[in-house]
Amino acid sequence: MEKKELRAKIYSKIDELPTLPAVIPKLLSLTESDRSNASDVTDVIFRDPALTSKILKVANSAYYGFSQEISNLERAVALLGFNMVKSLALSIGVIHSLPSGKKSLNFSQEGLWIHSLAVATVMQEFGERFGKGDDKGHLFIIGLLHDIGKIVLDQFFSELFQQVLEETHNRGKAELYMAERRVIGFDHGEVGAMLLTRWRFPDMISNPIEFHHQTEIPEGTDANDVAILRIANVLPQELGLGDEGNPVSPEIDEEDLKILKMKEKELEDMRAYLHGARDGIYSLFSAMS
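The letter at position 121 of the sequence shown is residue 168 when you use the numbering used here, and the numbering goes up by one with no holes.
Incorrect hints may have been included.
[As the list claims (entries may be wrong)] 25 Å max Cα-Cα, derived DSS-like pairs, lysine-lysine:
1. K73 <-> K150
2. K183 <-> K51
3. K73 <-> K104
4. K183 <-> K104
5. K50 <-> K60
6. K183 <-> K60
7. K56 <-> K150
8. K150 <-> K50
9. K56 <-> K183
Honestly, the hints are just simulated from the structure, not real lab data.
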């Protein structure tokens, strides 16, 4: 099958997915507006009681560790920041719009989401430590959704994805994304970006996801965000935190460390941070599920 034809088939399958909750497009429009504020975000989220409940459950989880119960959305916004609450709402909306239940052997959606939450946690901390604190919400979304293309492949191209998984597990050398390109023609980053583009997520989120396994980072894509994602993607695998379906343990690329001007001591600090956040990540997974 030619790549153009395969791309069209992937999009046709994406169109079979359930429509996103009505609040998600409204939140995305706020993401693109420089004039949106906390009141705008809470007004939109309030319209979805189930989503509001989930956000409060997350805010009260051990992941954040607040000493007092957070009983309303305004308090959650005050403590977490409106960008972070907006990012949590978008993330929860996407997670609950995707089909659940695996179709392929050697692949676990639960393991994938725990891995992805760990990546999101590391990326959020990167934002705090490397001067992108105002953007930590969008870094969290990038980390959480970076592997959603695997769910599309598992659900709609299960025979091909099973072939990919068998190749990586039997050979034990080829990374998953390389096998995806050989067998399917696209890697999961590209497929995930197709989904996010269809759902009208901004380029600042979809581009790093699309290119996180590419050698070249095209102009217009934030190289720092891609480098953060690549490093954050490796650390949970080093700790055995979650399971993203890849039996090969990748190594951190020195080029990504150079892009971020990151020293070895800072990298070790991030490893220690993630190790300390392990229990909180499992608590966050439970709250978001």
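Now for the hints, and whether the structure bears them out:
no.: 1; hint: K73 <-> K150; in the structure: violated (32 Å)
no.: 2; hint: K183 <-> K51; in the structure: violated (35 Å)
no.: 3; hint: K73 <-> K104; in the structure: holds (22 Å)
no.: 4; hint: K183 <-> K104; in the structure: holds (20 Å)
no.: 5; hint: K50 <-> K60; in the structure: holds (15 Å)
no.: 6; hint: K183 <-> K60; in the structure: violated (31 Å)
no.: 7; hint: K56 <-> K150; in the structure: holds (19 Å)
no.: 8; hint: K150 <-> K50; in the structure: holds (24 Å)
no.: 9; hint: K56 <-> K183; in the structure: violated (34 Å)
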